[in-house]
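Enquirer: The residues making up each chain are set out below.
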Amino acid sequence: AQSVTQLGSHVSVSEGALVLLRCNYSSSVPPYLFWYVQYPNQGLQLLLKYTSAATLVKGINGFEAEFKKSETSFHLTKPSAHMSDAAEYFCAVTFSGGYNKLIFGAGTRLAVHP
Amino acid sequence: DAGITQSPRHKVTETGTPVTLRCHQTENHRYMYWYRQDPGHGLRLIHYSYGVKDTDKGEVSDGYSVSRSKTEDFLLTLESATSSQTSVYFCAISEYGTGGDSQPQHFGDGTRLSIL
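Chains as they are written, first to last, in the numbering used here: chain A, 1 to 114; chain B, 1001 to 1116.
No lab work stands behind these hints: they were computed from the structure.
Please read all numbers here as calculations on a predicted model, not as lab measurements.
Even for Gly, the Cβ is constructed at its ideal location relative to N, Cα and C.
Among the hints, erroneous ones may be present.
Computed, partial: chain B to chain A, Cβ under 10 Å [claimed, not checked]:
1. 1003
2. 1004
3. 1048
4. 1062
5. 1086
6. 1090
7. 1091
8. 1096
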């Protein structure tokens, strides 16, 4: 069975600092992995996706994530945080033939301080 | 943004009443999904549809039913609402993937449902 664990329900960084949001997955078959962002009172917006083409994936708003099979990880990073990055971030996993159904992590709320 | 409209956006109702939430898409995507979002749980799949009249249960389907009579509409019904169903409900859509690829889901703006 597939599952996703996001380490840290709350992360706080200073503006300009590195953002690192952690995601580990469990899957018995090759996974497809996604990061979504949710701003207050809005739906989820796709940040980036891993679908086996390349292990380092670049997304919108300067975010990127690296798929590491040996560590079963898909951590999200951004070199320099902006105030506008404050939001909740969700990691999700699916697999081929699964009707694109997603299994989500519990989410990490990112706060950015001036 | 993907053309997904959820209605109503907010609803307050009483325990024991039936409630229907509607998801309407203009993208002609094959797959549609209903999730609920609760603090500490992320999003959990309630039901999904893989075509007109083709639906299946998700992780938390008890107390919910769905219907899809045409491609663009996916309805979620709470037959007899309970306080534990107070939540934010999201509809999502996804294209059919070819070559074994997995297509991302695109989300509506959600329905905030309170059951008193």
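Enquirer: Name the hints, by number, that the structure is in violation of.
Expert: The structure breaks hints 1, 4, 5; every other hint is satisfied.
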